[in-house]
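Those protein sequence lines, which keep their order, are chains A and B. The working numbering numbers the first residue of the first sequence as 1 and each following residue consecutively. The working numbering numbers the first residue of the second sequence as 1 and each following residue consecutively.
The hints are simulated quantities; they were obtained by calculation from the structure and are not laboratory data. Keep in mind the model is a prediction, meaning the values are calculated, not measured. From the three backbone atoms N, C-alpha and C, an ideal C-beta is built for every residue, glycine too. Be aware that one or more of the hints could be misleading.
[What the hints assert, rightly or not] If you anchor each label on the Cβ, the simulated ranges turn out as follows:
1. 385(B) x 74(A): 54 to 62 Å
2. 106(B) x 3(A): 41 to 49 Å
3. 105(A) x 130(B): 33 to 41 Å
4. 333(B) x 78(A): 28 to 36 Å
5. 250(B) x 112(A): 38 to 46 Å
6. 61(A) x 147(B): 21 to 29 Å
7. 112(A) x 190(B): 45 to 53 Å
8. 385(B) x 114(A): 46 to 54 Å
9. 333(B) x 4(A): 53 to 61 Å
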Amino acid sequence: MKNRVVCYFSAAQSEQPIIYQLIKDYDLIVNILKADINPQKEGYLVVELEGEREKYKSGVDYLKSLGIHVEPLSETVIWSEEICIQCGACSSFCPTQALDLDRETMMISFNNSKCIVCGMCLDCCPTRAIKLYFEVREAV
Amino acid sequence: MAHQKTYEEINEKIKRGEAVVVTAEEVIDIVEEQGLEKAAREIDVVTTGTFGPMCSSGVFLNFGHSRPRIKMSKVWLNGVEAYAGIAAVDAYLGAAQLPENDPENKVYPGRFSYGGGHVIHDLLAGKEIRLEAIGYGTDCYPNKKVDTIIKLEDLNEAVLFNPRNAYQNYNCAINLSDRTIYTYMGIVKPNLGNASYSTSGQLSPLLNDPYYKTIGVGTRIFLGGGIGYVAWNGTQHHPNVLRGENGVPKVGAGTLAVIGDLKQMDPNWLVGLSYIGYGATMAVGIGIPIPILDEEILSYAAVKDEDIYCPIVDYSEGYPYGKSIDLGFANFKELKSGKITIDGKQVISTPQSSIYRARKIAGTLKEWIKAGSFEISKPVAPLPSADANIEFKSIPERNPNGNR
């Protein structure tokens, strides 16, 4: 199984080599997407964990046993209307019509509730008006 | 005899605030309702507009002199090189130029997040730009290095000069291969996954004056949110191509070289673009007024999307390797509807060129003319038209070392 999670560290926990343990002891594929970890300070790690179901579960249990908060990552797509030039190119890449080109007005609109955060739109926008945000709350 | 107007008569009406001005979309219904003859008597000017990526764009800059003076041999603006092989403190910054050390497509597909077009937009937006220049030093220009911060207002001149803009018609790009391709027409998905086109169709300047009867050297235009002029035909201007019965080219044809003072333009209408896997470029806003001198000119300006065709071109093999693969034509009504049919398959079609923005340009130009602040101009020389005998050349393959 594969999941994206956010791990929140306290200051003491940030000293632990947890990535090393996840790879060596739990045989997980670890892909760090974003991190803010500083010695002696609280921080967070946005990480993609991939491995066999049992190993994945014990890996996450290991993190929790250290007192690290593990939460599913919530990602969100932000469309910036001020940057968008209304070309419409993104609308052929959005599988759910969250980004939709009104064929009368030829204007793009973005409906966040339809967005499944697949990320297809990010690359095709020539003005880079569409961005992916990781929602990370203040570290505990 | 059919009614005729002169440029001077139309300008008199503009000055009096009495000119009848409509956009190239509005004119369609008016002509259908009133007929050509009546509409041609009534309408003085039809305004057009286009806003899309136009790589062949750039700006001539004069920085003023440093103390001591420098003869700049290399110039960079925010790390993007401008061509300095002209006089001491002149340079030309191209829209498609990339920063030094840009990773380009080394990690494919490259991001191309910043380039010359972005620098032009930032300059226009009043942002601070790092100017670096080196020179080899001469008796008259002893300085060898400049490293400073400039803004647009610090420059003596900033003249937008775009060697090829406003392409009269363009390909509709599709992908017949089994892998995603990254092109200047955007991302094109494999196995006819999507179709990408790029003109404003019935609003596009040169599609409304297909034989360049009113658009020529010296024509005053909307350029980048300010006023500019047609300087010449654009590069690759090729008017003698396949045309429909309505005179509209069915493939890429005429182009325009345009010029204007960057300092009176607006950053909303010159926008840096990043095409993943392809490069950086700039979206340019252009609007051209078409004076309705007679019925014939009005008949061209009343052209409709369904009567404008463009060729469907494969960008996996056909375009890059010059292979002729006949996929037929699509008309702009279908393209704008969002679906075209190729080989019996329905393909989603999306634009690269912003129709919404093109409408805004045509509308703005209409307001300028109605308010009397923008007069039309008679070309000082015509552009080569369909009767020209221009050959579309390729690079000759010759051995620089002679025969061996």
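Each hint, compared with the structure:
no., hint, verdict
1, 385(B) x 74(A): 54 to 62 Å, "59 Å, holds"
2, 106(B) x 3(A): 41 to 49 Å, "31 Å, violated"
3, 105(A) x 130(B): 33 to 41 Å, "40 Å, holds"
4, 333(B) x 78(A): 28 to 36 Å, "34 Å, holds"
5, 250(B) x 112(A): 38 to 46 Å, "42 Å, holds"
6, 61(A) x 147(B): 21 to 29 Å, "56 Å, violated"
7, 112(A) x 190(B): 45 to 53 Å, "29 Å, violated"
8, 385(B) x 114(A): 46 to 54 Å, "49 Å, holds"
9, 333(B) x 4(A): 53 to 61 Å, "44 Å, violated"
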